[in-house]
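*Asks:* Residue strings, one per chain:
Number of protein chains: 2
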Amino acid sequence: MSERPDRATRRGFLSAFAGAAALAGLPPSSAAAQTTKASVEPFYGAHQAGIVTPVQTHAYFAAFDLTTAKRGEVAALLRDWSQSAARLTIGEPALGVGEGDYAAAPDATEMSGLDPARLTITFGFGTGLFEQDGRDRFGLKSLRPEAFVELPKFPGDQLAPARTGGDLLVQICADNPQVAFHAGRALAQRAYGVAALRWVQSGFVSNYGPGKTPRNLMGFKDGTANPRADSPQAMNEVVWAGAEAPVWMRGGSYVVVRRARMALEHWERTKVAFQEQTFGRDKLSGAPLGRKGEFDAVDLAAVDKDGNPIIPENSHVGLGRRATEAGHRILRRAFSYDDGANMIAERWPPWRQGMEFDAGLVFVCFQRDLRTGFIPIFEKMSRFDMLNQFVTNTGGGHWACPGGAREGDYIGRALLET
Amino acid sequence: MSERPDRATRRGFLSAFAGAAALAGLPPSSAAAQTTKASVEPFYGAHQAGIVTPVQTHAYFAAFDLTTAKRGEVAALLRDWSQSAARLTIGEPALGVGEGDYAAAPDATEMSGLDPARLTITFGFGTGLFEQDGRDRFGLKSLRPEAFVELPKFPGDQLAPARTGGDLLVQICADNPQVAFHAGRALAQRAYGVAALRWVQSGFVSNYGPGKTPRNLMGFKDGTANPRADSPQAMNEVVWAGAEAPVWMRGGSYVVVRRARMALEHWERTKVAFQEQTFGRDKLSGAPLGRKGEFDAVDLAAVDKDGNPIIPENSHVGLGRRATEAGHRILRRAFSYDDGANMIAERWPPWRQGMEFDAGLVFVCFQRDLRTGFIPIFEKMSRFDMLNQFVTNTGGGHWACPGGAREGDYIGRALLET
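If you read the sequences in order, they're chains A and B.
Here the first sequence is numbered in this note's numbering, starting from 1 and rising by one per residue.
Here the second sequence is numbered in this note's numbering, starting from 419 and rising by one per residue.
Don't take every hint at face value.
To be clear about the criterion: a stretch of chain B counts as covered by chain A if any three or more of its residues have a C-beta under 8 Å from a C-beta of chain A, and this derived list gives those stretches [unchecked claim]:
| hint | stretch |
| --- | --- |
| 1 | 611-618 |
| 2 | 626-634 |
| 3 | 650-661 |
| 4 | 753-763 |
Simulated from the structure, these hints should not be mistaken for lab results.
Backbone N, C-alpha and C define an ideal beta-carbon position, used for all residues, glycine too.
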């Protein structure tokens, strides 16, 4: 293996990049000039992007563990990541890794020639930043928000440690998987020596058209009851941390990610009417059982002529509706995932033994307070939801995503530089 | 678990599906009426779709092993798969699995509401269909084409059996990952009892715009030297089996798939000039070294002022050009893949130990004859290509994709019903 490749400086390469832009008749200062405005989601702002942003068709989640013991290095990483993210979201390569002998290629640049595809990059802090094994690693323990509690162990959880948690979360979303993956690689590279990849997870969701609710891999519409992300008032109530939070967290949100494997081969062998009872909705229209339209009200009191509830109490929608009535709200922003197939050998009929799809849902939700959001909702659902027989949570975690940053500032400074 | 879900027949569900189309003001006979013509790639034709079809942005490969010993059941599967594929490519669900007690949901239908996104489904036969462990399993041994040889073991191959081979290959491509995955699930479900999933692999490639060559995850343009898929003459020479092949194979093509993991973390630490020497092309423009334009001729005789070749002989392009000069041609149709990250622990400096991306290239090529296509090209490349230090082949295989079928016929009948 050639240990000393030919000379090429980052400056030279970036010049070449700018040169290509110039050849294309573009101002050399910004490759993003070739992108349409619609394809750029601003990185800077009062809130982080990627939370109330209309959902993109692809996602890439990367969780990191901090390998440094120095708060200053964490701060430097977040500063660098913020600058890199701002560049990536306008279609420019991330910053270079430096000019050392063996570190030279600043960016794989496979996004060169692609528009940024509404790329958003959202940063979150894990509980480990504030306390790990009882230690106040970075002197931040006192700044941990009250709302940023640990998640309980829910019934049925099968969370594999290698797929769970992490000191830092980067949620990357874009309308192009290559743009999303490129950003993940670039940010992982920027973290060398300070934070190490713990797990990654990609996902996708289809755009069914304006105002249409996407379907999950069970074939059901997913997200019908979501609050309106385009309503600032609803988002202030449901999503954004307010005056109750420490200053650094105001305008931020707590995210929960759950990698939920679906037993698709089992699901597909059940009858549609049974599936509809499980969800509490009509499969094709998405209407609550007994109603006509997807957005018709869910009436849990409605009964059939024998006096039985039309929407089963333990259906997914029945439990979701009860949670809403109790004031527990979240903003869902879920993706499907397809991680190939692996061997499943079950011991009871009628199930087969063989390769099964490792596919399902990357459930993602944002909320103002975990204690009134995901936790009480899922405490009920994890116990009673009829869907549970087809879904297993195998990984994920929860993170505090700070408020947004102004240009020149970076995400998390109000925490890391206190 | 409820073992006897409520009654719901396939007929009832399909009616519901047609009903939804009717509600939307569409003819009940075809959900595809809502799709634009541009989003439908015809399944039936002289050749199978998905070979010279302009490349879609997503792919899903599924390899199957036959679990039946009866040729008639293989024929019935291919008949069913062809009919299902024809329906899927116009946006309709695949056929139902039957009306039995426990088999009821005909299709997950998560594609309901999506257009077919130029879905193509291409079927291939593995060498195991003709002979397995010396046995003529299905009485087809005498019909194996001469050109359908075994691949040699190439230097550096690290093919994991669980990711390699299979009696049947289904290549699914679409401009939407959900459409592609849905087709894979639906066809796997149709195969229950006759063929079992062996491995699956998803991939993606970006559309860089009309006439633009996409970039791979190393950041280089990939496919510049491809023959023109829109030239019937070139395809007759390079891709389609002709009179030299058995009747069932005429108009078909041999496909080679290689899952090539890229050592991205290593690649990114090399200098751009070294990367360009490795490829033999300029990174940004894609021009052969020493030239200006991507499609400028590759001149292996050009030397610098010291008499050294400008394009290294062992560069990827140098070897590719020599193969072309020797008359070895293939049609590349490659995708990138992102299969998450896993732990890599290396033992020599300067490489780190940690999580690395399991990502790279799903190399796919079609050719008229393996003996004058992939095999001689890769015999050279696997020995000498400077890229090999960054790429490892970990799976794949080769299959004979028969000619196309007319409506009412099915792929492979001329073989399976001889």
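*Asks:* Hints broken by the structure, by number, lowest first?
*Replies:* Those not satisfied come down to hint 3.
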